[in-house]
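At position 40 of the sequence shown the residue is numbered 40 (full-length UniProt numbering), and the sequence of numbers has no breaks.
FYI, nobody ran anything at the bench for these hints, they're computed from the structure. From the three backbone atoms N, C-alpha and C, an ideal C-beta is built for every residue, glycine too. Errors might be hidden in some of the hints.
Derived DEER-like restraints, expressed as beta-carbon distance ranges [said to hold, decoys possible]:
hint	residue 1	residue 2	range
1	I194	M45	40 to 50 Å
2	G76	L110	34 to 44 Å
3	S7	A104	18 to 28 Å
Straight line, CA to CA, 30 Å or less: simulated DSBU-like cross-link-like pairs of lysine-lysine [to be verified]:
hint	residue 1	residue 2
4	K138	K203
5	K203	K229
6	K203	K187
7	K203	K112
8	K112	K187
9	K95	K10
10	K33	K112
11	K10	K33
12	K95	K33
13	K233	K203
14	K95	K112
15	K233	K187
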Amino acid sequence: MSIEKFSVEKVLSVHRWTNTLFSFTMTRPAHFKFTAGQFARIGLMVDGELVVRAYSVVSSPFDETLEFFSIVVPEGAFTSNLQHLKVGDELYLEKISYGYLTLARYQQPLPKDLWLLATGTGLAPFLSMLQDFETWNKYQHINLVYSVRTASELAYVERIQEIAATFGEGHLGFQFVPIITRDPNAKLHDRLPILIANGQLEKVVGLEFNPESSHVMLCGNPQMVDDTKEALKQRGLTMNRRGEGNIAVENYW
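Could you build all of it, start to finish, from the sequences and the hints given here?
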């Protein structure tokens with residue numbers, strides 16, 4: 001891969017949520033533009049070679065810095081090195097952004113109800129969307145559903161509340177719904193496809209999936225995305241193609 005496609009940026013901060021989950025911020029060059037929901041390609045030099053991986057951007061499109069959310073993959077050529085990041089380290093950033101998990105893809109049905117369904121680090125693009133005032137202006141109802149295995153993996157909870165207060169000030173239709181799959185005492189602890197199939201997610205939220213009004217975005221591990229997509233289809237929702245349909249997906253892996 002041509003290194004000329006990348007700019008060299010500096011790490012500004014690192015936050016470790018758990019032993020396997022961390023966030024980091026880096027400098028943002030003036031030329032790097034993106035739409036909320038898109039991803040960047042970030043590179044590290046490993047044994048003299050540039051290793052590159054895709055990361056959805058956590059930051060607002062209007063922020064002066066870039067933030068990313070990462071999981072440590074054991075023995076992974078990239079994250080096993082990335083996990084040791086410290087302030088001042090250098091990273092390579094490809095000069096253009098990628099991806100189609102953006103709200104602009106929806107033409108029909110018209111915006112009314114937005115469901116953002118994430119597992120793990122798949123939360124990242126949805127945080128970016130929620131830091132765009134246009135999202136709050138477009139939708140009457142916004143439901144951020146975040147599924148993790150344990151309570152310790154519920155990252156960004158305080159930040160989500162801050163975002164809702166700042167960007168959604170006066171908006172009465174926002175709900176943050178955590179799911180903790182390994183805690184039988186949690187209000188919701190089944191996998192997302194099960195909670196959709198049995199209607200429990202809709203009951204907790206107080207809103208039904210509706211082919212005429214729902215925009216549903218999925219981001220997380222491929223098994224969740226595939227299974228949840230099928231559960232939604234059983235409820236009458238359709239994949240979004242050429243601007244029409246309810247379901248948009250990103251296999252964040």
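These are the hints, each one checked on the structure:
no.: 1; hint: I194 x M45: 40 to 50 Å; in the structure: 43 Å, holds
no.: 2; hint: G76 x L110: 34 to 44 Å; in the structure: 42 Å, holds
no.: 3; hint: S7 x A104: 18 to 28 Å; in the structure: 26 Å, holds
no.: 4; hint: K138 x K203; in the structure: 24 Å, holds
no.: 5; hint: K203 x K229; in the structure: 19 Å, holds
no.: 6; hint: K203 x K187; in the structure: 12 Å, holds
no.: 7; hint: K203 x K112; in the structure: 18 Å, holds
no.: 8; hint: K112 x K187; in the structure: 26 Å, holds
no.: 9; hint: K95 x K10; in the structure: 15 Å, holds
no.: 10; hint: K33 x K112; in the structure: 27 Å, holds
no.: 11; hint: K10 x K33; in the structure: 18 Å, holds
no.: 12; hint: K95 x K33; in the structure: 9 Å, holds
no.: 13; hint: K233 x K203; in the structure: 18 Å, holds
no.: 14; hint: K95 x K112; in the structure: 34 Å, violated
no.: 15; hint: K233 x K187; in the structure: 25 Å, holds
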